[in-house]
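Asker: Okay, here's what each chain looks like letter by letter:
There are 2 protein chains.
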Amino acid sequence: MLAKTPAGAAPATGTSFLDELFDRGLLIETGVDGLYGRSGLFEAIGDGFQALVTRHGGGDNAEIVRFPPAMARDVFEKSGYMKSFPQLAGTVHCFCGSPADHLALMQTIEQKGDWTAGQQASEIVLTPAACYPLYPTAAKRGALPAEGRLFDLMSYCFRHEPSKDPARQQFFRMREYVRMGTPDQVTEFRASWLERGQALIAELGLPFAVDVANDPFFGRTGKMLAVNQRDQRLKFELLISIESEENPTACLSFNYHQDHFGKTFGLTTADGEVAHTACVGFGHERVILALLKHYGTDVARWPASVRSALGL
Amino acid sequence: MLAKTPAGAAPATGTSFLDELFDRGLLIETGVDGLYGRSGLFEAIGDGFQALVTRHGGGDNAEIVRFPPAMARDVFEKSGYMKSFPQLAGTVHCFCGSPADHLALMQTIEQKGDWTAGQQASEIVLTPAACYPLYPTAAKRGALPAEGRLFDLMSYCFRHEPSKDPARQQFFRMREYVRMGTPDQVTEFRASWLERGQALIAELGLPFAVDVANDPFFGRTGKMLAVNQRDQRLKFELLISIESEENPTACLSFNYHQDHFGKTFGLTTADGEVAHTACVGFGHERVILALLKHYGTDVARWPASVRSALGL
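As given, the protein sequences belong to chains A and B, one line each in that order. Quick note on this note's numbering: the first sequence kicks off at 36 and runs consecutively. Quick note on this note's numbering: the second sequence kicks off at 36 and runs consecutively.
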């Protein structure tokens, strides 16, 4: 329904899209599903996409912040992520032992035993979405100004979901604009990005659909949370067919968090109300993969208009 | 001995350099020592530095590869990193339990207990240096061509060494050129970068010294390894004074691994010999911090020649 195979795209064969990406050297195997290196060309497509996002969003003068791919564990605990998505989280563990412990560790490794059991949790957890480290940082500055705040984020994120679908990687990059303010300010922001996001992807000539969506909440309680999220239309996704035509991939998402992060991290508006937040997220690798799927892996043969939009 | 405080730099006060970076918004606290957000200006300085590196090294037509900030655990085990630097490594652990396990986990979090004990090691380990994921990838392609190979890498890396020294971060970026080939090919590469690296830093007007160095090997055996490494002059560092004048910081390093990685990962030359490898590493954050320390945190007042070299 979404993607038609255009002229010049790879013909359907027994080879998977992931295999084709490996064969062309665009992605590089590491031995772990969902953990791949990227070629210079893959990165150049991505740079072009990021510049395109900035052309569409840069006029708003968002404050640029770049976090490393990890965050403080106590902030992560407070965020409620382990309640909703425990299966996706990655905690960072370290060796804190003595030289004698180290000898034992080395013996275990030599004997192919499980040496990781002795690793201890550090203060650090991998970032699950680019905006998670931002909320406590913003709250620390005090009440928001009357016009609220707008941030421009990008970071590598981690989600533990090993898969052969190249659009479902364990380590991937997410660009985000995050709006904080009154309910009116943040819902207006999300509505405007629902339009802009479609214009942006249309500029790349990719067929897409926009639909209401839900996050992959864990367990039985999670099912109810997902239904609520859909009923309240808190999450929309811009979907493009990559690995499957039946199950297109969310490449952009438009999220209204209501007062969840405001309450959790003590973020307040100029009037002293609990702040509302919303974000638009761009799946960096997913958009690159959508382009490679739609126009084929021979980038020199992409339409001139698309190459021009991406500065390629 | 190295850095003189230039006109326009921040005067010495009771405030640490890290505090000054926080106050100016160049780095952003996360609550964990060595884990910081970066401002748009900090990133712009870094972009300028990376372009400068490319101007000095780009003519060699290195193959660009970008890995995410993690690598496969089995490759990591094979690399010998846990033997030499166990204290610095970060393993990634996940929740693999049932809904019942999840209930117990949530109770532990609510009671402020140690919920991380139930986390299980994933197949993923954080990257300790940008080149670690590369060696098995290169070996998989078969014997090197007669001219060897040259790669251009950059990634976030992790080392567990919490510190208040902003030049010693737990998550930091490392740019690397990695050369693989015969002993002659790789030692010539390193010798040429020892010159180029100095020319590059001289272009930024930063006072520096180059010295033989050693890695922070663990334990008593580690002391011997360090002595050997120095005796054989396998590691040189380009040092710039950042946090301390007495102990200047390694901002670039020039490493000759001999056949360590070649042997470990089965990398061979065109003649069927074990390949030798060498790398030059650029501490991305460290060079930015050296600039901010030397010229002050008001970038608009930096010398025009430096701003021009960085495209600022």
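These are computed hints drawn from the structure, not numbers from a lab. Just so you know, these numbers come straight off a predicted model, no measurement behind them. Heads up, the beta-carbon is just placed ideally off N, CA and C, and yes, glycines get one too. Please note that the accuracy of each hint is not assured.
[Unchecked claim] With the C-beta cut set under 10 Å, the calculated list includes, among others, these residues of chain B facing chain A:
no., residue
1, Thr65
2, Ala105
3, Glu112
4, Ser157
5, Pro171
6, Glu223
7, Ser227
[Unchecked claim] The following residues of chain A were derived to be distant from chain B, with all beta-carbon distances above 10 Å:
no., residue
8, Ile63
9, Thr151
10, Glu158
11, Leu185
12, Glu230
13, Gly301
[As the list claims (entries may be wrong)] Okay, the calculated bits of chain A under chain B, using three or more residues with CB under 8 Å as the criterion:
no., region
14, 82-95
15, 112-126
16, 135-142
17, 253-260
Asker: Among all the numbered hints in the text so far, which are the ones the structure does not match?
Answerer: 6, 7, 8, 9, 10 and 14
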